[in-house]
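Given chain H's structure and the hints, the job is docking chain Y onto it.
Number of protein chains: 2
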Amino acid sequence: MNNYIKNPYAIEEKSFEIITKELGDRTFPQDIGKVVKRIIHTTADFSFADITIISKGAIQQAKEGIKSGKNIYTDTKMAMSGINKKRLSEFGGKVLNFVSDQDIALKAKEEGVTRSIIAMRKAVEENPNGIFVIGNAPTALFELINQIRGGNVNPSLIVGVPVGFVGAAESKEELLKLDVPYILTRGRKGGSNVAAAIINAILYMIN
Amino acid sequence: MNNYIKNPYAIEEKSFEIITKELGDRTFPQDIGKVVKRIIHTTADFSFADITIISKGAIQQAKEGIKSGKNIYTDTKMAMSGINKKRLSEFGGKVLNFVSDQDIALKAKEEGVTRSIIAMRKAVEENPNGIFVIGNAPTALFELINQIRGGNVNPSLIVGVPVGFVGAAESKEELLKLDVPYILTRGRKGGSNVAAAIINAILYMIN
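Protein sequence lines correspond, in order, to chains H and Y.
Heads up: the first sequence begins at 2 in our numbering, then just goes up one per residue.
Heads up: the second sequence begins at 2 in our numbering, then just goes up one per residue.
Do not take every clue at face value.
Since the list gives no way to pick one copy over another, a pair counts as held whenever it fits inside one copy or between any two copies.
Calculated pairs, DSS-like style, for lysine-lysine (alpha carbon to alpha carbon, straight line, at most 27 Å) [to be verified]: (1) Lys-86 - Lys-123; (2) Lys-38 - Lys-78; (3) Lys-7 - Lys-110; (4) Lys-123 - Lys-87; (5) Lys-78 - Lys-123; (6) Lys-78 - Lys-95; (7) Lys-7 - Lys-108; (8) Lys-15 - Lys-78; (9) Lys-78 - Lys-68; (10) Lys-7 - Lys-123; (11) Lys-64 - Lys-38.
What the hints contain is simulated information worked out from the structure, not anything from laboratory work.
Isolated chain H, as found in the complex (with noise of 0.2 Å):
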C-alpha cells in the first residue's frame, strides 16, 4: 500500500494511457479526444465517449474567446470552482458565478423561480459575447437558449452539461438546434464536474 504512485504528473499520464487503452478502437479528431478523455478522467464514466456532442468549430472558437481574455460564466460554484482559474488569468479572463448575490435571491424568490435563472439573465447583460457554463440547472440553460433565440447573445462557448432527471434532457435537445458554438452531453447526464473538466481541457489545449 505504500507504494501507489504519489506524483500528481505521474498519476494524470498513467490515467490519460489508461483510458485512451479502453476507447480502443474509437478514436476522436485531435481536440475533441482531448475533451472527451478528460471528461472521463473526471467521472471515469466512459458513456460520455457517446453522448459527448461537439459543433463544428467550437473548440476553435472557445479557444479565440479564451484568448481574447472573455470572462466565463458558471451556472454553479461548484463549477466555478473546478475551472482552472490560474490558466485562465494567464490570458486576462476570470470565472464568474452570480447565484449566491443577494440581489439574485432576492428576485428569484420574487418571480419564484430558480436563481441560476435570474444569474444567467444577469451575466448575459454583462457580456453577451461570454463563455457560458451550465452543468447542473437547466433552467439556466432554458434561459440562455430563450436569450438567444432573442437576439441578445452571441457567446464565444455554451457548455451545456446540466445533469438530472427534470429539464435536463430537454434542455440540450433545444441546445442542439441553435447554430451557436456548443459542447453538450446528450440526455441525462452531466454534472458540474463535467462543465469544469469541459473548460479545463480546452485551456490546457491553448499554448
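Relative to the frame of chain H, chain Y by itself:
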C-alpha cells in the same frame, strides 16, 4: 419550451419521485436510501445504487458528529463548494480545505507528492475526530488510511469516493477493511460532486 418547471423545490421533488420509481424493487433502509438517491440525483447514474457501501452505524455517527459541531475536511475546493455550508453552520461546524494553502504547496513540491496528501495530514492534525471527505484524490484517502492504522485518527465519518483510474478503486478496497464509519463507492466511480451529495443528504436528515 416556456412551460418547463422553474420552481427549484418542485424540480427536486419531481426528480426524487423519478429516481424512486426507476429504482423499482430496489429498496433501501430509509437513511441509506436518502444517501443513494441523492447521489443518483447528482449524477443521473443509477450504477451508484450498486456500488455505494455504508458501514454499519456510519450515518448515525455522522449525524452525531455534525450535531456536536464537528468540522468537515475535504480534499478539494470543489467538494467544499458543493456542501451546504449554511445548513452545516447551524450546528456550529465549518467546511475546511487546505489544498491551496501556501505551506501545503511548498511541502508537496519538496516531497514530490500530491498537495492532497499534505493537506490531509494537516486536517488530521487539526482534528483527528473530524469528518473527512475525499472525492478526488486516492492519495489523500491512502494517507488517511495510513494515519488511522497508525492510531492517530478516530473519525466521525469518512466519505471515501475518489474517482479515477490510478489508485481510486484500490484506496477504497483498503478503506473497506477498516473498522471506522465510512461511506464509499466501490470501483473507479465517485467524485467531488458525489462527495458533496453524500454530506448534504446527511445534513438534510438532521432535524
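Quick rundown of the hints versus the structure:
In this homomeric assembly, Lys-86 and Lys-123 come within 27 Å of each other (Cα to Cα) both inside a single copy, at 21 Å, and across copies, at 24 Å. When the C-alpha separation of Lys-38 and Lys-78 is checked against a cutoff of 27 Å, the pair qualifies both within a copy, at 24 Å, and between copies, at 22 Å. In the homo-oligomer, the alpha carbons of Lys-7 and Lys-110 lie at most 27 Å apart only across protomers (12 Å), although the nearest pairing inside one protomer, at 47 Å, exceeds that limit. Taking the shortest alpha-carbon separations for Lys-123 and Lys-87, both the intra-copy value of 24 Å and the inter-copy value of 24 Å come in at or below 27 Å.
Taking the shortest Cα distances, Lys-78 and Lys-123 sit within 27 Å of each other both inside one copy (15 Å) and across copies (25 Å). Proximity of Lys-78 to Lys-95 under the C-alpha cut-off of 27 Å is found in both arrangements, the shortest distances being 13 Å within a copy and 17 Å between copies. For a Cα distance limit of 27 Å, the shortest separation of Lys-7 from Lys-108 across copies, 13 Å, qualifies, whereas the shortest one inside one copy, 47 Å, does not. Proximity of Lys-15 to Lys-78 under the C-alpha cut-off of 27 Å is restricted to the inter-copy arrangement: shortest distance 24 Å between copies versus 29 Å within a copy.
Taking the shortest alpha-carbon separations for Lys-78 and Lys-68, both the intra-copy value of 23 Å and the inter-copy value of 26 Å come in at or below 27 Å. Only between protomers do Lys-7 and Lys-123 lie at most 27 Å apart by alpha-carbon distance; the minimum there is 17 Å, versus 43 Å within a single protomer. In the homo-oligomer, the alpha carbons of Lys-64 and Lys-38 lie at most 27 Å apart inside one protomer (18 Å), although the nearest pairing across protomers, at 38 Å, exceeds that limit.
Checked against the numbered hints above, the structure breaks none of them.
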